[in-house]
Amino acid sequence: MDDIQNITQGMHELKFGEMAGSFPQEIIQEILIRLPVKSLIKSTSVCKTWRSMIINPRFIRTHVSPAVQFANQNDIHLLLHRVSGLQMTTFFGQTVMYKNFQLLPGRKHNSYIRVVGICDGLFCLADDMFRYCYNFFIWNPAIRKLVTIPWPNVRFDTHAGYDASIGFGFDAMTNNYKVVRVVTLLDQRGTPTLAEVYSLATGTWTSLGCVSPTCLTDGRASSVFFNGVLHWPVFCKTNGDLYYFILTFHLGKEVFRKMPMPKIIKWKFDLGMQLSVSDNRKSIALFTMDNRFEDSFLEIWVMKEYGIKESWTKLITLGPEGPERLLPRALWFRKSGEVLVLLTDKSRQELVSLDLESKQASSYSTRVMQSLTKRKNRFVVP
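So in full-length UniProt numbering, spot 282 of the sequence shown is number 282, and the numbers just go up one at a time.
Any given hint could turn out to be false.
Think about it this way: if two alpha-carbon atoms lie no more than 30 Å apart in a straight line, the pair counts; the simulated DSSO-like pairs of lysine-lysine are [to be verified]:
(1) Lys335 with Lys359
(2) Lys282 with Lys253
(3) Lys304 with Lys314
(4) Lys145 with Lys38
(5) Lys314 with Lys268
Hint data in this document are derived by calculation from the structure and do not stem from the laboratory.
Generate coordinates for the entire structure from the input sequences, incorporating the hints supplied.
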């Protein structure tokens with residue numbers, strides 16, 4: 001790597017016209033692809049040709065792939081939690097590292113910025129919690145670069161009240177990152193759910209019209225990006241009955257599809273849902289959570305064969321016990337197969353990693369471990 005950086009430093013000292021005759025374009029690209037991000041940023045100022053090459057989505061995708069593979073091998077996970085500044089929490093196995101970031105200095109936004117999705121090290125952020133706001137961002141923490149997304153087309157001032165679910169992922173067919181917004185209007189009965197897509201390449205929103213299959217979105221539900229497809233938990237009303245299914249959107253084909261949920265899951269007002277990539281990274285998982293403090297629970301389901309409704313399998317049911325009655329909320333599957341679970345009550349939170357085979361939980365802090373030791377049989381297995 002030092003040799004490559006030395007070569008690049010030498011290139012900066014040459015006039016590009018003189019260098020171009022000595023180094024084929026393919027060689028230059030191979031050298032640049034192996035540079036760290038900070039060196040790449042400096043390289044964009046060498047000449048227009050280099051800049052065009054480096055900011056090309058195909059080059060970016062190729063450059064980040066080794067980093068993504070490295071992250072997967074070391075079980076690195078990122079979580080942005082309550083944001084007033086920005087705190088990024090990184091998990092290396094059982095080690096936790098914290099790093100603070102200053103986002104949008106001097107600008108006003110909500111007290112909370114949520115993570116819409118993470119793809120190839122890019123974060124899609126939104127400040128749409130608790131109020132109608134339209135500030136969306138694509139953020140690269142490695143180089144601390146932020147792209148502010150323009151306001152979407154469907155807003156309170158244009159369509160009145162609504163519920164919106166958002167997804168973020170990479171379109172491999174066009175080498176482009178996209179943000180998809182699915183919006184259910186609240187004050188117009190019978191109005192179809194609408195959708196729009198933002199393209200990072202063009203910097204614009206495009207209306208996709210009405211979503212088919214017909215569905216209603218829940219603003220509390222988050223999406224998951226898997227195998228080029230975005231997934232949202234949604235529900236539909238048929239003959240007066242409400243039922244759940246998973247709405248999918250292929251980023252390349254820009255087509256919506258319907259994927260079934262386990263039949264046993266019935267509609268409930270207090271039932272929260274979250275999707276995740278499965279433990280083996282070959283399918284998706286579903287976390288269902290009853291949000292009532294009186295009788296809360298968490299169920300973890302995995303679709304063993306992607307797209308096959310009969311392959312849904314319930315792995316575990318978690319329920320609170322003891323006087324503190326901490327509520328379990330699943331965050332995601334780790335590469336190890338464990339599930340990161342946030343235990344909460346009205347005043348505090350505890351983070352644990354749950355081994356589904358041994359039914360044992362390990363803590364990310366001494367305080368959490370001591371708390372778990374005092375409360376045995378916290379996890380109720382079906």
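For which of the previously enumerated hints does the structure constitute a violation, in increasing order of number? Hint check: nothing fails, all pass.
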